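Student: One letter stands for each residue in the lines below.
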Amino acid sequence: MTSRAETAGRQAVTRRREGTWIEAVLAHLVFAAVIVFFLAPFVWLVTAAFDADAQAYIRWPSQLTLDNFARVFTEHDFGRALGNSALVAGLTMLLDVVAVSLAGYSLSRMDLRFKSAITYGVLLLQTMPLSATMVPIYGLARAVGLRNSYLGLILIHAAIELPFLIWLMKGFFDSVPRYLEEAAWLDGRSKLRALVEVVLPVARNGIGVVAGLSFLAAWAEVLMVIILVDRQDMFTVPLAFYQVLRTRGGYTEVQYGMVAAMGVLYLVPVMVIFFATRRMMVRGLLSSARGL
Amino acid sequence: MARVEYDDVTKQFLGQQDRAAVDHLTLDVADGELLVLLGPSGCGKTTALRMLAGLEYPDSGDIRIDRRSVVGLEPKDRDVALVFQSYALYPHMSARDNIGYPLKVKRMTQAERDRRVARVAEMLSLGTLLDRRPARLSGGEQQRVALARAIVREPRVFLMDEPLSNLDAKLRTHTRTELKALQRQLATTTIFVTHDQAEAMTLADRIAVLDRGRLLQLGTPDELYNRPVSLFVAQFIGSPPMNILAAQVRDGALVAEGVWRLPLRRRVDAADVSVGIRPEAIALSEPASDAQPAEVLVSEPLGSETIVNVKLGNALVKVRAAPHVRPDAGATVHLRADPARMTLFDTKTGAALP
Ligand SMILES: Nc1ncnc2c1ncn2[C@@H]1O[C@H](COP(=O)(O)OP(=O)(O)O)[C@@H](O)[C@H]1O
Ligand SMILES: [Mg+2]
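Keeping their order, the protein sequence lines are chains A and B.
If you read the first sequence in the working numbering, its first letter stands for residue 9, the second for the next number, and so on.
If you read the second sequence in the working numbering, its first letter stands for residue -8, the second for the next number, and so on.
The set of hints was computed from the structure by calculation and includes no laboratory data.
Note that the coordinates shown come from a computational prediction; the quantities given were computed from them, not determined experimentally.
Be a bit skeptical, because a hint or two may be false.
As the list claims (entries may be wrong) - Derived PhoX-like pairs (lysine-lysine); straight-line CA-CA distance at most 20 Å:
#	chain 1	residue 1	chain 2	residue 2
1	B	171	B	161
2	A	199	B	67
3	B	97	A	199
4	B	67	B	95
5	B	95	A	199
6	B	67	B	97
Claimed, not checked - Example chain B residues on the side facing chain A (calculated, C-beta under 7 Å, incomplete):
#	residue
7	44
8	79
9	274
Here a beta-carbon is modelled for each residue, glycine too, at the ideal position from N, C-alpha and C.
All chains should be built: construct the whole structure from the sequences, respecting the hints.
Tutor: As structure tokens, this is what we get:
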């Protein structure tokens, strides 16, 4: 009986495939168009970065060269911007991992009064557009002397992603069975050390996702850097990037090769982190969705 | 030396309206004793254990180890080891590190740690498994690692929450025997939770039977088996369970299920009672004036014995017979009960009559 049902099912599938091959072709064409549309800028970045005479359109490099990359560092002190970005994003990541571990754990485990209100409040914060709070953030940073300061950038970048990451991490903690930490307590550990030695390692996928996302967010963030920093030597990558585009643009010749080289350098860490953590991310995002 | 006392302990969870998870529990566990908490699922066994471990907080009452109250202590300061039903092995550590973890917590040197882990591993034949992670161990192996982690610390008290329930039947009986031998050898006070009466009977020095959070009876396996204080205990302990028959007292004798006249050796005030007779307290006999004829429903040969199921009025009576006794269904047998081994219960309250 089952076998007949299976056969019937298989026939139906086959028929559907045969009957609609035109649809399949169309679907592939649409996908191809979408892919081309999204990939084109990246193709331009890569080809132009290695082109001795880069243009504003995609073409095979007239002459392959690494010159653009060298000039980025010699003519624009891009190394300093990379360093600034790495410092700010790295410390933001550390701060977020610590804060999110503690906050996510609390929301997952503790019997707090108003817990669901707090949890949804956190989510509400995330949905607020950042630009709405731009002015007060500027004023506050100025008042407490956190403009043109790495600490200021780190604090604000860490804070921006905090609500979302707390939610994410709460989901990871929800999927770690309670009896594991209880076992650690009974083995003689304090609650904090049980968290560090047992819960966090078991939830390491979540920590990986939080670390990756917070680093990337801080690495890519522009708006807060613009309002908080005006000292050239503190510019992060996106700002340095923007500045090259602006000062060399207009009536003078745009240095497309250098812009593209900067773009590539800007994207490399993003790709590295993405590929390093993609498994964790998929597993993590799935399990946190299940935890809701 | 560790004596455990529950003193009028009550715990009611939020959302439990009408009854408490643990209801005025008073229990005294002697040093070195193996006490089994026995009861159906949901009767509060785990909650009682977790309160002693410090994982739940009692609403009222006191819990003492060696006469010192532990209610205010963190789990880490109680020096008790708990074997969880799910084992709770740390999945990111090898079996060796799992077992050694409590020693690491005590800041024992690596050498001392290795020595103790090796000794316990030897005791539980874990030698070749020490480098594996829990995910690569079978259920029985995980169970032994969990046990090793509890033993290696030499805690004041062992707590075990249905540690055998995830094992298959054969391994379960085997581990049960080993566990008992091990507990004798270590002589550490142990509270063992189970819903399996056979497990309780084989392991326990004393059994505490719980139902709906209340302690019904506390006693040795023999006491519980032979002198149950209530219908609940009588039916919970023993396999096959005690036969419970409705009976009336008529002119100095008992009439069970309206047909079976049983001798009554004492005065009973109530008119309606229940009489409990263990399957082995009934014998199949030759036809005689004092033997009750009954129709056989089915015989269940078990190798070492046969359980003969007979119909008596509306009731089903189980009789334990010799292995070669196999009356056919529909045949008539004659029952004779041992008057010394009958227990009478008040049908209304379920309490055993004195
Ligand atoms: N954390 C909890 N929250 C609410 N009710 C609980 C909790 N833990 C146990 N209970 C309830 O308390 C009663 C006793 O539970 P438990 O001690 O786990 O029983 P057992 O271990 O004997 O099966 C049950 O009715 C159970 O539903
Ligand atoms: Mg339980």
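Student: Hint by hint, note whether the structure agrees.
Tutor: Hints and how they fare:
1. 171(B) / 161(B): 16 Å, holds
2. 199(A) / 67(B): Satisfied, since the Cα-Cα distance of roughly 9 Å is no more than 20 Å.
3. 97(B) / 199(A): Holds, at roughly 15 Å.
4. 67(B) / 95(B): With Cα atoms ~14 Å apart, residue 67(B) and residue 95(B) stay inside 20 Å; holds.
5. 95(B) / 199(A): Answer holds: residue 95(B) to residue 199(A) is near 16 Å, not above 20 Å.
6. 67(B) / 97(B): 11 Å, holds
7. 44: Hint on residue 44(B): holds, closest Cβ of chain A at ~6 Å, below 7 Å.
8. 79: 4 Å, holds
9. 274: 50 Å, violated
Checked against the numbered hints given earlier, this structure breaks only hint 9.
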